[in-house]
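I would like the entire structure built from these sequences, with the hints used as guidance.
Number of protein chains: 2
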Amino acid sequence: MKNGLIEQADLNFLIYDWLNIEDFLIKNNSEIDRETIDAFLDLSHKLARDHFLPHFKKSDQIEPYLEDGQVRVLKEIAQALKRYTELGMFSAGFSESLGGMGFPSTIANAAYTILATANGSTIGYSLLTVANARLISKFGSEEQIKQFALPQINGKWFGTMCLSEPQAGSGLGDIKTKATFEEKDELGDCYRLKGNKMWISGGDQDISENIIHLVLAKAPNKDGILTAGTAGISLFIVPKFLRDGRKNDVTVAGLNHKMGNRGISNCLLNFGEGEGAKGWLVGELGHGLRQMFMMMNEARIGVGFGGAAVAYRGHKLAVNYAKERLQGRDIYKRDDKVIPIIEHSDVKRMLLASKSYAEGSLALCLYCSKLVDEVNNVDSQKLLSLLTPVAKTFPAEFGLLANDLAIQVHGGYGYTRDFDVEQLYRDNRLNPIHEGTTGIQSLDLLGRKIIGDSGESLKIFTKRVLKTCDQAIQINLKSDASYLLEVMKNLERVCDILINSKDNNTLANSSAFLTGFGHIVVGWLWLDMAIVALSQKDEDQYVQSFLNGKIATSRYFFECELPKADMLLNFVAKKSDVVSSVKTEFF
Amino acid sequence: MKNGLIEQADLNFLIYDWLNIEDFLIKNNSEIDRETIDAFLDLSHKLARDHFLPHFKKSDQIEPYLEDGQVRVLKEIAQALKRYTELGMFSAGFSESLGGMGFPSTIANAAYTILATANGSTIGYSLLTVANARLISKFGSEEQIKQFALPQINGKWFGTMCLSEPQAGSGLGDIKTKATFEEKDELGDCYRLKGNKMWISGGDQDISENIIHLVLAKAPNKDGILTAGTAGISLFIVPKFLRDGRKNDVTVAGLNHKMGNRGISNCLLNFGEGEGAKGWLVGELGHGLRQMFMMMNEARIGVGFGGAAVAYRGHKLAVNYAKERLQGRDIYKRDDKVIPIIEHSDVKRMLLASKSYAEGSLALCLYCSKLVDEVNNVDSQKLLSLLTPVAKTFPAEFGLLANDLAIQVHGGYGYTRDFDVEQLYRDNRLNPIHEGTTGIQSLDLLGRKIIGDSGESLKIFTKRVLKTCDQAIQINLKSDASYLLEVMKNLERVCDILINSKDNNTLANSSAFLTGFGHIVVGWLWLDMAIVALSQKDEDQYVQSFLNGKIATSRYFFECELPKADMLLNFVAKKSDVVSSVKTEFF
Chain A
1359 MKNGLIEQAD LNFLIYDWLN IEDFLIKNNS EIDRETIDAF LDLSHKLARD
1409 HFLPHFKKSD QIEPYLEDGQ VRVLKEIAQA LKRYTELGMF SAGFSESLGG
1459 MGFPSTIANA AYTILATANG STIGYSLLTV ANARLISKFG SEEQIKQFAL
1509 PQINGKWFGT MCLSEPQAGS GLGDIKTKAT FEEKDELGDC YRLKGNKMWI
1559 SGGDQDISEN IIHLVLAKAP NKDGILTAGT AGISLFIVPK FLRDGRKNDV
1609 TVAGLNHKMG NRGISNCLLN FGEGEGAKGW LVGELGHGLR QMFMMMNEAR
1659 IGVGFGGAAV AYRGHKLAVN YAKERLQGRD IYKRDDKVIP IIEHSDVKRM
1709 LLASKSYAEG SLALCLYCSK LVDEVNNVDS QKLLSLLTPV AKTFPAEFGL
1759 LANDLAIQVH GGYGYTRDFD VEQLYRDNRL NPIHEGTTGI QSLDLLGRKI
1809 IGDSGESLKI FTKRVLKTCD QAIQINLKSD ASYLLEVMKN LERVCDILIN
1859 SKDNNTLANS SAFLTGFGHI VVGWLWLDMA IVALSQKDED QYVQSFLNGK
1909 IATSRYFFEC ELPKADMLLN FVAKKSDVVS SVKTEFF
Chain B
1359 MKNGLIEQAD LNFLIYDWLN IEDFLIKNNS EIDRETIDAF LDLSHKLARD
1409 HFLPHFKKSD QIEPYLEDGQ VRVLKEIAQA LKRYTELGMF SAGFSESLGG
1459 MGFPSTIANA AYTILATANG STIGYSLLTV ANARLISKFG SEEQIKQFAL
1509 PQINGKWFGT MCLSEPQAGS GLGDIKTKAT FEEKDELGDC YRLKGNKMWI
1559 SGGDQDISEN IIHLVLAKAP NKDGILTAGT AGISLFIVPK FLRDGRKNDV
1609 TVAGLNHKMG NRGISNCLLN FGEGEGAKGW LVGELGHGLR QMFMMMNEAR
1659 IGVGFGGAAV AYRGHKLAVN YAKERLQGRD IYKRDDKVIP IIEHSDVKRM
1709 LLASKSYAEG SLALCLYCSK LVDEVNNVDS QKLLSLLTPV AKTFPAEFGL
1759 LANDLAIQVH GGYGYTRDFD VEQLYRDNRL NPIHEGTTGI QSLDLLGRKI
1809 IGDSGESLKI FTKRVLKTCD QAIQINLKSD ASYLLEVMKN LERVCDILIN
1859 SKDNNTLANS SAFLTGFGHI VVGWLWLDMA IVALSQKDED QYVQSFLNGK
1909 IATSRYFFEC ELPKADMLLN FVAKKSDVVS SVKTEFF
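Protein sequences, first through last, are from chains A and B.
Note that my numbering numbers the first sequence so that position 363 is 1721, with each residue one more than the last.
Note that my numbering numbers the second sequence so that position 377 is 1735, with each residue one more than the last.
Just so you know, the hints here were simulated from the structure itself, not pulled from any lab data.
Since this is a predicted model, take the numbers as computed values, not measurements.
Treat the hints loosely; a few may be bogus.
No distinction is drawn between identical chains; accordingly, a pair holds when it is met within one copy or between any pair of copies.
Within a straight-line C-alpha distance of at most 27 Å, the following computed DSS-like cross-link-like pairs (lysine-lysine) qualify [to be verified]: (1) K1504 <-> K1922; (2) K1932 <-> K1922; (3) K1933 <-> K1691; (4) K1821 <-> K1416.
Have a look at this one:
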């Protein structure tokens, strides 16, 4: 599509042809069928095109601002979300018992992605609200669910996640927000909170009637002392407005002015400048981080979807531009015909690379969503845990690279604000940072999910990759399959070394491991998609070109990207002290 | 330094210890000595700190704007450049016969870099003016030099380069601006120009009394027909104001609103909306592109310096932040001490990588400037020609990556406009685009400088690398030297294949070649610098740490970066059609 929104053909290929969501639904006796899904995705497309895309630029130009302690947001954002609410979209992924539409995560996220290609910051309000409501639904009491989750599921209220503090970003163990028990009421144990929370997306706005903050804080023990580290962290529900309509003791201390992603406000919130903000404990004391982590895993895949969506739109806009922009001649023909720049080899390379990143990211995130849906499959849940840091990081890092390439394809025009690609680039730059930086994800992957798990989840991963390779060998993708098998052998070798290492440098180069492993994962998915594409010969020229594009991109990934994996893994296996031996004063 | 300006220690190391500029000056009987240079660089530092850095943010926030056909620029920019003019800085690199200070290019560029770390867009006005004046000095008549070059050398007037047109960016052969002969006068052959020029940096401003545009245009032959392609291009001097004080027929049709680098205006200029803009031919008809190219090579190294400077400042700001920001604990010690984030391995990795890119870029550009200075050394001139596309591209591409890492080190703070690193990132994103995109540079390198040159310049390069390896083997850098020798052997092998190829895919993957070759060049320079650092043991703890930092960064580059070179070169040698075989309709 000209506007760069995600194409139905791409989603159909991924959801129906590749992930076989129909089979899954039938096996699970779901009442949802393809017709229902198509209608829902179609609705999402229209909403994206008519209500989210039109203010893409305006929401970058006119940032949220503070007026008498209240954050004001562009009215177009409020209008888009109002429409979103009216259509019940907040409830898409919730069960019918919670008033939801009951779509599997795969489909709810596909719809989310459509809207995120149109306007990543406007749909961000929904991401947080849904995550908040899901957490309360899972760990909250019946009364808390009724009072705080349901109004978010129906989109009347919005939600936030309040984790970081100015002095504690990645190191949550050091948060200082303090919760003091006050009384028990029908909503549970009520506390008074005092502390400052930083980087709160949607921390305040004038869109929804109320805002439900989920706040990590520490409750002092009977001696009045805060438990050190993460074990002392509990989770509290802190509404902006209390049931009696009075404002809770939550103040916007300031707004962060970001490089991109500007439509969604980002606040420094002070809890308890006065008597303390009222907050109700969720579940048990000291369980806060565990509860939040369950949530954060979902949020991390959500970040992945966001990165994939923004990368996808940049890629599509670059393709459109490259097909239309006439410049230069064929360097071999040397005739006088000026050609569209897409015919220049280096432009083609940039488009192949960005396609491999963007569509590879999208496939990765949808694959993970399918794993989320396979809730009763133990292997799937283990694999999901292994792949989550990759699903967060690959779309963030390589999606950003896709946006970089989209600018480059546009040349000077891409560097101007007359085109959308520079904004997409700025928007996507957030994704390697929030919900756990790339460095944090790499420690999670190598330290927790590989070494800490003694390679158990890795075995499940390997089994699935081998299955794909078996299929590939049978249908003309033999050399790619052989290559991937080789890479997998090396991965196994390297992981064996790392799992059995007692060395202090084992984790020192974990981000190189994440990049290498991520490339193996995405390479595998591309091969898996190429198998589907190859087995689907179509007489329709347009459809066949679409399939050929998938096959060509898989080949590109295998020739130009996958070789990075071995290079990086071999480096990590050396447990080199090239980084760790460097002293602070050398800088 | 806290402000991230380039440190004297770095420049001293590069200029005196590594490049031995003093030896060079003595051999060339120059009157310039170290004392003079030190004073000049010190002056540049003060100017950078007191007049360029203070409006760094403001020049991003308040863009140039158009008012009644006149571009208005932030007054702080004008004030900084006024001071720059008063100190005679425009003339630094010009010979005394032209009223210049007579500094070698190495030193003039070192000073430029100091100012570019402080404010890349303000100093941009100088880059263009100096380039313009140098071109006129080289190809213009005596009267043209006096009339148009000297006022730029003394900084009274500024200059521009008008190459691109809306429909012709990288493909200059297709420019349509038309020059019609009018009369001969004391300034030479006077023409009337009509056409539109796009992307003109400094195309209009209210800082200098006059603006001298150097404009590429085509003069019709006697049948009134424009010669097709680049052979028909000539170069014209088109002043904003004519000698009689009247305004020439040059109109600002619009301003481009850029993602970064906003302090310098970027204009669409219409030449000849009325009777035609008066312009004087430089040299002979049809020589325009050749003349401009001589200039462009200098400008390309200038872009490299800009990229290096912006990367350098981002790196230094990240180092400062990482030393001060306390977060998390040592993952192996597991004690309760919160540490500065620079002690986390992944942060150290990011700082090492950005140091290797930023300081490697700076070394590369200064090395090339030294080659410029070795004007009578044929080998040096050939090597300069070979290295120019690398000096333009490595600092642009990897300097940008350094700026990306600087944001990442800052975490969420780096994504806000309260810190400088996000602006540096936006500023540097221009560099892979202007003065020939990375794709264009890669065709220049592989097509013209390697294949077109039958590998002659490459031999000179190889000779110098081998010399470095010889020295390295003697002083405890044997394994790096052996590795580099291996890589060089592979480079030779790959180039042999490419030079002798008749294949249409030879140039198809040239950008991978450029990246691989660039890494070899920078790896070589790091090794060369490590030799100097290793041979300079110092009792002063601070100095020794500085030297150790250089050695550690060289090691980092060899372990973590150089392996990319073989991977990329091996891919290029395959002459794969993985990219070129992809059809437009696949996208």
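Here is what the structure says about each hint:
{"no.": "1", "hint": "K1504 <-> K1922", "result": "neither (50 Å within a copy, 56 Å between copies)"}
{"no.": "2", "hint": "K1932 <-> K1922", "result": "both (16 Å within a copy, 17 Å between copies)"}
{"no.": "3", "hint": "K1933 <-> K1691", "result": "between (50 Å within a copy, 18 Å between copies)"}
{"no.": "4", "hint": "K1821 <-> K1416", "result": "neither (48 Å within a copy, 57 Å between copies)"}
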